[in-house]
Structures are given as structure tokens and as C-alpha cells.
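Engineer: One-letter residues, chain by chain:
4 protein chains.
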Amino acid sequence: MHHLERFKKYGRIEKELARNLLAEFFATALLRFIGTGVMAQFVLSRGASNSPIQINIGWGLAIALSVYVAWETSGGHVNPAVTAALFILGKISLVHSLLYFVAQTIGAALGAGIMYIVYSEAINAFDGGVREINGPNATGIIFASFPQAYLSNIGAFIDQVAGTSLIGIFVAFCCEPKNQIPRNLMPALFGTIATTISMCCGLNMGSPVNPASDFGSRILASVSGYGIQLFTVHHYFFIVPLLAPIVGAVIGAYFYQFFIGLHLPEP
Amino acid sequence: MHHLERFKKYGRIEKELARNLLAEFFATALLRFIGTGVMAQFVLSRGASNSPIQINIGWGLAIALSVYVAWETSGGHVNPAVTAALFILGKISLVHSLLYFVAQTIGAALGAGIMYIVYSEAINAFDGGVREINGPNATGIIFASFPQAYLSNIGAFIDQVAGTSLIGIFVAFCCEPKNQIPRNLMPALFGTIATTISMCCGLNMGSPVNPASDFGSRILASVSGYGIQLFTVHHYFFIVPLLAPIVGAVIGAYFYQFFIGLHLPEP
Amino acid sequence: MHHLERFKKYGRIEKELARNLLAEFFATALLRFIGTGVMAQFVLSRGASNSPIQINIGWGLAIALSVYVAWETSGGHVNPAVTAALFILGKISLVHSLLYFVAQTIGAALGAGIMYIVYSEAINAFDGGVREINGPNATGIIFASFPQAYLSNIGAFIDQVAGTSLIGIFVAFCCEPKNQIPRNLMPALFGTIATTISMCCGLNMGSPVNPASDFGSRILASVSGYGIQLFTVHHYFFIVPLLAPIVGAVIGAYFYQFFIGLHLPEP
Amino acid sequence: MHHLERFKKYGRIEKELARNLLAEFFATALLRFIGTGVMAQFVLSRGASNSPIQINIGWGLAIALSVYVAWETSGGHVNPAVTAALFILGKISLVHSLLYFVAQTIGAALGAGIMYIVYSEAINAFDGGVREINGPNATGIIFASFPQAYLSNIGAFIDQVAGTSLIGIFVAFCCEPKNQIPRNLMPALFGTIATTISMCCGLNMGSPVNPASDFGSRILASVSGYGIQLFTVHHYFFIVPLLAPIVGAVIGAYFYQFFIGLHLPEP
Numbered sequence: 050m051h052h053l054e055r056f057k058k059y060g061r062i063e064k065e066l067a068r069n070l071l072a073e074f075f076a077t078a079l080l081r082f083i084g085t086g087v088m089a090q091f092v093l094s095r096g097a098s099n100s101p102i103q104i105n106i107g108w109g110l111a112i113a114l115s116v117y118v119a120w121e122t123s124g125g126h127v128n129p130a131v132t133a134a135l136f137i138l139g140k141i142s143l144v145h146s147l148l149y150f151v152a153q154t155i156g157a158a159l160g161a162g163i164m165y166i167v168y169s170e171a172i173n174a175f176d177g178g179v180r181e182i183n184g185p186n187a188t189g190i191i192f193a194s195f196p197q198a199y200l201s202n203i204g205a206f207i208d209q210v211a212g213t214s215l216i217g218i219f220v221a222f223c224c225e226p227k228n229q230i231p232r233n234l235m236p237a238l239f240g241t242i243a244t245t246i247s248m249c250c251g252l253n254m255g256s257p258v259n260p261a262s263d264f265g266s267r268i269l270a271s272v273s274g275y276g277i278q279l280f281t282v283h284h285y286f287f288i289v290p291l292l293a294p295i296v297g298a299v300i301g302a303y304f305y306q307f308f309i310g311l312h313l314p315e316p
Numbered sequence: 050m051h052h053l054e055r056f057k058k059y060g061r062i063e064k065e066l067a068r069n070l071l072a073e074f075f076a077t078a079l080l081r082f083i084g085t086g087v088m089a090q091f092v093l094s095r096g097a098s099n100s101p102i103q104i105n106i107g108w109g110l111a112i113a114l115s116v117y118v119a120w121e122t123s124g125g126h127v128n129p130a131v132t133a134a135l136f137i138l139g140k141i142s143l144v145h146s147l148l149y150f151v152a153q154t155i156g157a158a159l160g161a162g163i164m165y166i167v168y169s170e171a172i173n174a175f176d177g178g179v180r181e182i183n184g185p186n187a188t189g190i191i192f193a194s195f196p197q198a199y200l201s202n203i204g205a206f207i208d209q210v211a212g213t214s215l216i217g218i219f220v221a222f223c224c225e226p227k228n229q230i231p232r233n234l235m236p237a238l239f240g241t242i243a244t245t246i247s248m249c250c251g252l253n254m255g256s257p258v259n260p261a262s263d264f265g266s267r268i269l270a271s272v273s274g275y276g277i278q279l280f281t282v283h284h285y286f287f288i289v290p291l292l293a294p295i296v297g298a299v300i301g302a303y304f305y306q307f308f309i310g311l312h313l314p315e316p
Numbered sequence: 050m051h052h053l054e055r056f057k058k059y060g061r062i063e064k065e066l067a068r069n070l071l072a073e074f075f076a077t078a079l080l081r082f083i084g085t086g087v088m089a090q091f092v093l094s095r096g097a098s099n100s101p102i103q104i105n106i107g108w109g110l111a112i113a114l115s116v117y118v119a120w121e122t123s124g125g126h127v128n129p130a131v132t133a134a135l136f137i138l139g140k141i142s143l144v145h146s147l148l149y150f151v152a153q154t155i156g157a158a159l160g161a162g163i164m165y166i167v168y169s170e171a172i173n174a175f176d177g178g179v180r181e182i183n184g185p186n187a188t189g190i191i192f193a194s195f196p197q198a199y200l201s202n203i204g205a206f207i208d209q210v211a212g213t214s215l216i217g218i219f220v221a222f223c224c225e226p227k228n229q230i231p232r233n234l235m236p237a238l239f240g241t242i243a244t245t246i247s248m249c250c251g252l253n254m255g256s257p258v259n260p261a262s263d264f265g266s267r268i269l270a271s272v273s274g275y276g277i278q279l280f281t282v283h284h285y286f287f288i289v290p291l292l293a294p295i296v297g298a299v300i301g302a303y304f305y306q307f308f309i310g311l312h313l314p315e316p
Numbered sequence: 050m051h052h053l054e055r056f057k058k059y060g061r062i063e064k065e066l067a068r069n070l071l072a073e074f075f076a077t078a079l080l081r082f083i084g085t086g087v088m089a090q091f092v093l094s095r096g097a098s099n100s101p102i103q104i105n106i107g108w109g110l111a112i113a114l115s116v117y118v119a120w121e122t123s124g125g126h127v128n129p130a131v132t133a134a135l136f137i138l139g140k141i142s143l144v145h146s147l148l149y150f151v152a153q154t155i156g157a158a159l160g161a162g163i164m165y166i167v168y169s170e171a172i173n174a175f176d177g178g179v180r181e182i183n184g185p186n187a188t189g190i191i192f193a194s195f196p197q198a199y200l201s202n203i204g205a206f207i208d209q210v211a212g213t214s215l216i217g218i219f220v221a222f223c224c225e226p227k228n229q230i231p232r233n234l235m236p237a238l239f240g241t242i243a244t245t246i247s248m249c250c251g252l253n254m255g256s257p258v259n260p261a262s263d264f265g266s267r268i269l270a271s272v273s274g275y276g277i278q279l280f281t282v283h284h285y286f287f288i289v290p291l292l293a294p295i296v297g298a299v300i301g302a303y304f305y306q307f308f309i310g311l312h313l314p315e316p
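One line per chain: the protein sequences are A, B, C and D, in this order.
If you number the first sequence the way the numbering used here does, the last residue is 316 and the count never jumps.
If you number the second sequence the way the numbering used here does, the last residue is 316 and the count never jumps.
If you number the third sequence the way the numbering used here does, the last residue is 316 and the count never jumps.
If you number the fourth sequence the way the numbering used here does, the last residue is 316 and the count never jumps.
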């Protein structure tokens, strides 16, 4: 008997919730692992190795691959905004949604942490060992989003609601069987949407659009050398990417339903 | 009963035309929302955040996603040139075509308007609050197409006929069942075509190829600070992207039919 | 009766060869139309509007779209190298192959010519009306391939054999039903291969890999202002992209067969 | 009888192992041929012809195309790390795995060698005939990976384990039928993963993640003018891309199984 079959016999998790939380944890770790690497490669090479288009495409690939990985288990939310849209659409309970958020956030922290290890020598060579979020040797943006200097936190909130509404629209779109999107192409579609958002709503604050990815990674970086400034900077800006995506995804899901979904012709 | 089911019971639109116009409105708003953001990110970062390839790909993604969203309702034209080609092919009546154009134009104005709000702080930081269409702080191109200085309006007309003919060719191509393009991949194909046009016919005037997107957004910008110059500039250039794409799409559809479509072998 | 149906009744071509030649003519015109535009946008903007990656991707899209357009008629060769590989594989006769070559070459000339008109004002603004193939205002590369100064014509021949062998390999690959590539994805695959060749074999001479596209467009440009130097330059270099791709495609097709195809396991 | 049919009658290899080794040899040659060309175009044009994004995408296309070519024969491993993950999953024996490695390495050497010929004039024009791995005229990176100066070999090992774990995760993912990934899209998925790794784990040492591709090509270059320094440089760094990917792929495959695969719900 193959050793993985033997493990399956004794170690397999049969409880759906546990299995789903583990999948969300793993997939969000994968998402943030890739995403953090994409940012690190851009920042640490001062744009020589990755340019903005690689950030756009890299995050899209991170989403597509991480959603695929958990697709047949938890559905591969990897983003509390997706979970929120699915809650509004009646696909998941509130309690499960909150547990998903916890699993996603811990996963994001872990994924960012592993990539931190991969690039620790590179970061030290870049900043001489002093972690900063401002100035020419700043590396904070590898782990968390920051607003442009001109941006108010209200403007940031609007930005994230607008950007994440695209996610909400397409979560509702995919949930509608009349649209006949093949199930196994949906993760690729969500990757495409992440790339799109990053190309049209990326200027103001880098389009985090994912509370777990931004918050989990921010905590990890904060306790690993960047300090409390990751949370206090720009009048506690960190709250914006934590809350606004939830609002945006819910608005997007309703928009799709009210303008299109509810009126779709019967086949 | 889920609250969306309840809404569906009372609020669902059963009239096909109304449903289609609402879908065209929403989808074209989505298209111009994304497209305007892509342009804003390029202009306001002075090319640091988006480069021309992101404009090419970003508009392609905008087309693909917006066509998908309305695909099973109105067919996701989101462009009067597409509607014109389908009119020539006998798929839509003239009256419905004109109503589609109105819905698309209003949608484009709204989509551009929402993105204007998202980037209002960024635009103010860029131009100090003075909206311009010329000079180093010009931002007009975010909302409407402009010709190169060397280009005559006749040359511009030829450019748009040539570019949009690609759309007409592939609208006719997709309407032909013998080509066996899977229905749910067609919106992705149209996104690809938009990217292609932007890479081969983008130099002279930025390949608007969409009267509703260009005109609707131009009106919005005109009444929101850019003024009447958006229409008077370059000898009333705005008429070119309003009319030429219709001509180009019709020519393209006929070209496909006369060179290929009508002679396709029977299966 | 719809006017296109009426035309079909009287104008439809029933002879297979005529229909195929018309399709090859049209599709190769489309290919060279797009490709010429991609090059023009790069050259005339001095790299500001298109960069090398857009040339790679733009030619790939040109191939994919033009192959799709003729796919269900002639098979969308649009390249005598493809025709040559299919001849070796026994899918087309020698006489038909030669006629395809003529149709493809005329199509390429026409496609390049139309894009020449689209960009005529831009080219005049760029070079002041003097067409050149050398120096800072050279525009010849828009219409035909040129070798790097260091390259011998023997080196150029090797380059084109190597590059085009990729086309031959995948023509043979797609002809083998055991590979189970869905018929309607094959044109996209050939676009991908064109992009790949342009990324790995583009430095020495710009990877023309298509005798019809290079030769047809070269004739058109030669009689439209660029003169006979398009043929005499670099010791009659033009012969290389005319002959080498045929050799490369045949070698590639045999390579696939000898290393893989002939030994594929029975299902 | 067509001459290829005649060859098939007499020359067809019926033994599965021989056929598979030939396929791995050919496919890995194809992979390294394309990959070497992508690197050469970048290095020899000093970034003018290819930029980092073309390296990311070019290697992804190289993987996708080479995996497709051998897909229905050997399964298109083209990478000992893939073979190792499949060994752990019980899909291939140890002896066959080792033979695959030999075939892949010889293939990589040949593929790199052919591209060396294609670019020999270009390389001579670039470095004046003196092959170097350091300094402004260094070309060694065309054929083999090198670490950044700041990187320890332990850091390099961690980098490769992390990067290649993505391959292991998705090999295990694709082997699980419950994920319902269409068989003929899997090679494209592996190309996507190669692009992703190159965007997130490419800074430290260029993400070789393939022992055969790196080692085979390194041997070829070493005996073709670059000398023994390709092996001695950076404290025998070459061992890292030879061993670490095996470890990473195995870890990735187990990670997928323990976090997701073993707990997948029954359909």
C-alpha cells in the first residue's frame, strides 16, 4: 500500500468545516507567498527585475493558482471579500464566514513569513538591516499596502470599495448557472479580475482588495522588524484595506443581481 | 426565502428589451469604468504605474469582462460598432440598435464618472485642480481620445475604419456556427481583439473604436471641468470616433462574409 | 430574404480550391495588416507606444486571429512554411501548395499596403517623406526583416531554420489526433508559438519565419517608395527569409515524427 | 503508402521505456533551446530586445510547449523535480526516474548547444570572442544560473526549495482526478506556474528550478568555451540548482497532499 494511501486511511479529515478551514489556510498562504515574492522582486531590484506589469500579472497568477488549489474543497475564497459576497448570496453562514477570515489571515501571515525568509538576505543587502516604510530603502510595501501621500483615508475607502466591487460582481456572476461558465475555468477568471483591478485601481494605494492578505501579512511584518508604524501610519490607514473590500464586494454582488442577474432570461 | 429570491419575485424585469438595455447600460459602465482607470493610472503616474502594454491589455480585459457580464442577456455588445455589425447581419433591428446606443452611451458616462471620483484626489494632486487637455499636466486623455498633431481628420477616419474593421470581421466570424467557437469563449476572443487593435492601430489616435465609450465619457468629462474644448479641439475631431467605427465594423462584417463566410463548406 | 442570404445564393464559391485560395489571401492580408501595424507603432513612436514585448505578443495575436479566420476553410496556413510542413505530412499536394504561396504573398502585400495607408501621415511626419532603411529615421523594418550588422547570411539561414523548426514541430504535433488538442484551440496555439519564436529567435533578424509575409510586404514597400535596396541590401539578404523557413518547417515536422509522433502509444 | 507510414512500419519504437526516454530527451531539448534563446536575446541586446517580463513569459511558454510535445508519451516531465514529485506520488519507479534524469540532462545540453550555434555570431560580436561569466560582457547567464553576490549557498538552497515547491504542489494537484483539470490544459498550467515562479522567486538566483535544464546546459557551456569556472564559482554553487529543486518538489507534493489532497470530499 502506498504510504500516502496509508496516511489517508488514518489521517484524513472527514469534517467539512475543518477540511475547508485547512484548505483556506493553505491556499491563502500560497496566495500571499507568491504575492509577497512578486513585490519583493520589484522593490529589492528597484524595478529592474519586476516592473508594474509583473506586479499586475503576478498577483493575478497568485490568485488563479491559489483559488485552483482549494477549489474542490472550500471553494478557494482566499479573500474575506469573496466570502462576504458569498454570504450575501446565501452560500455560506456568518459563523463559517468569520472562521474562514481567521484561517485566511493566519495563512496570509504564514505565506508572507516564508517569503520573508527566502528574501531575508536580499532585504538585508538592500536596507542594511534597518526595516523602513519610508525613504529610498523602504521595503514595507513588500508586506502591506500604503496610500499615496495625496490620498485621504476617505478617498482610500472609496478606492477600495470601487476596486473590490469588481470581485463582488464576478462572484455573483459565477454563482449564476445561467452564465454557463465552466466550473474549472472560474479560478482563472478570478486571476484575470485581480490583474484587471491592479491595472485600473492600483495607483492610489496598490489595490490590496483582500483584508486577510493585507492584514495577516501586516501583522507578520510588524512583529518581524517593521514595528507598530505599519498600523499607525497615515492615521491608522490599515483599517481601510481591512474593511472597505467587504463593503465593495457586497455592493458589487448586489449590483450584478439588480442590473443583470435577477433578470436573466430562462433558458 | 432568501432576500434576493424575494426581490426576484417582485422586481424581476420580464420584458426582453428593457432587460437588454439595462444590461448594455451596466456592462458599458463596467467597460468604461475599467478603461478610464487604466488610462488614469498611466497618465497620473506619468507612465510609472502603467505603461503602454498595460493600456493594451487593460482595455482588452475591460472588454472581455464587460462582454461576459451581459453575454447571456443582451449579448454584451457594449459598443455601437458591434451593434452595427449585428444589424447588418440581421441579428438586431434598427430601432433596438439605436436604443442600445443610448443605453451604452449613458453607461459609459456613468462608468467614467465613478472612476473620476476614485481618482479625483489624484487628478487634483497632478494638475493642481486645473483640468487641461494640452501640456505637461494634461489629463483629458483619461476620458477621451485625441489625435496626434500630424493627423488630419480624414486620416483619423481611415484609421478608425481600419481598426474597427477587425471588430466587424470577428463579429461576423462568431455569428457563423460553422466556425464552432464555443459560446462562452467568445467574450474572451473580443477582449483579445481589443488588445490587438490597441497594439496595431493605437498610434494615430489611441484606437477608441467605440463610439459610446468615447462619446459618453467625453460628455461626462466636458461637464465635469474639462469644458467644451473636448468637442471643439482639432476641428471637431470628436465626430471621428463617433462615426468611423460604425463604418469600419460594417465594412469588416461584409469583408468576412464575402471573402470567407459565404463560402464556408457545409459540414 | 436577408441580403447576405441572397448573395450566398448567387455568389457562393463552391469549388474547394478557389475558396481556399480566397481564404488564404484574406487571412494572410489580415496577418500582415496587424503585424505591419504593430511594427509601425513601435518604429514611429521610437519605442514609446510599443516595446519589444508588444511586438512579440502582437505578432502572436496576428497569427492566432488570422489562422482562426480561415480555419474552417483552408485550414488557415497563412505561411508557406506551414504549407510546406503539411505537404511533407501528406496533407496537401505540391500544386496546391504553390498556389497557396501565391495567394498568401498577394494577401501579405495587400495587408501591408492598407496599413501603409493608415500610417502614411505618421510615416511622413517621422521621416519627412524620405523612405529609408538605415539611419535614425529608417522605417523599412515596418515592412520587411533586416539582419543585424554582425550576421552573415549563412548565420541568418541557420537562425531561420532553427526558429521555423518550432512551427514545423507543432504543425506535425497538431496533425496527430492522439495528442487530442481541441481543434478550435489550435489557432491559439500557433499564436503562442509565434510569440515564443519572437522571444527566443528574434535578435538576429527579427524572426520573420514566414516567406509570404516577408516577401509580399517587401515587394509592396519596394514599389511604394523604399526602392530596390529592400532586395539588394546585405548581399541579397531577402532570399534568406524566403527560403530558410521552408527548410526549417520541414526539418521540424520530421523531428517531431522521428522523436515522438511515430512512436506515440496506441490509445 | 506515405513515406512516414513506411518509416512507422519499420522504425517505430514499441518499448515504453525507450519511447519515453526519447520523448523526454526531445522535449527537454526543446525546453532548453527556447529558454536559452530567451536568455540570449535578453543578454546580448543588453535588455533592449527582451526585458525581464519576456524572460518570465518566455520560460513559461518554453515549459508549456515542451510539456505538450511529450505529453501523450512520457507525460512531459522535462524536469527531474517533476519526476521526483511523481516518484513520491507512486507514479514512476526509482530506476525510471534516474533514467529520465539522464535523458533530460542530455536533451538540455543539446538544446542549449543548438541555440549556442544560432547565437554564436551574436555572442562573438558581444564579447569579442572571450566567454565570460562576470563583468559587462558576461554571457554565462545565458546557459546557467548564478546567485546574486549577497546570497549564501544556504540561502540559495532555501530559495530553490521554496520556488520548486510550487511545482510539487501542482504536480500533486494535477494527479488528483477530483480536481477535474482537463488533461490537455495541464501543460498550459505548468507553463503558467513557471512564469509565476520566475516572477516571485527570480531575484536571488534566477529561479532555475530544473536540475536537468541547468546542469545539462552548464556542462555544454563549460566545454564550449566558458570553462570550469561555471562549476567552481560561488563555492560550487552549481550543486544548489542540482539538488534543491528535488527537495522542493517533494516537499510541495507532500504539502498539497497533507493540507488538501488527502481530505478532498468524495464526489
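Misleading hints may appear alongside valid ones.
If several chains are the same, the list does not tell them apart, and a pair holds so long as it fits within one copy or across any two.
As the list claims (entries may be wrong) - Restricting the straight-line Cα-Cα distance to at most 20 angstroms, the calculated cross-link-like pairs of lysine to aspartate or glutamate (DMTMM-like) are:
hint, residue 1, residue 2
1, K58, E181
2, K140, E54
3, K64, E181
4, K140, E170
5, K57, E181
6, K140, E65
7, K58, E315
8, K140, E181
9, K227, E315
10, K64, E54
11, K227, E54
12, K140, E225
13, K227, E63
These are calculated hints, taken from the structure and not from any lab test.
Engineer: Now, for every hint given, state plainly whether the structure supports it.
Structural biologist: Now the hints, each set against the structure:
no., hint, result
1, K58 - E181, "neither (49 angstroms within a copy, 56 angstroms between copies)"
2, K140 - E54, "between (32 angstroms within a copy, 13 angstroms between copies)"
3, K64 - E181, "neither (44 angstroms within a copy, 59 angstroms between copies)"
4, K140 - E170, "neither (44 angstroms within a copy, 37 angstroms between copies)"
5, K57 - E181, "neither (46 angstroms within a copy, 52 angstroms between copies)"
6, K140 - E65, "within (15 angstroms within a copy, 29 angstroms between copies)"
7, K58 - E315, "between (45 angstroms within a copy, 14 angstroms between copies)"
8, K140 - E181, "neither (42 angstroms within a copy, 48 angstroms between copies)"
9, K227 - E315, "within (8 angstroms within a copy, 26 angstroms between copies)"
10, K64 - E54, "within (19 angstroms within a copy, 30 angstroms between copies)"
11, K227 - E54, "between (39 angstroms within a copy, 15 angstroms between copies)"
12, K140 - E225, "within (12 angstroms within a copy, 26 angstroms between copies)"
13, K227 - E63, "between (32 angstroms within a copy, 16 angstroms between copies)"
Checked against the numbered hints above, the structure violates hints 1, 3, 4, 5, 8; every other hint is satisfied.
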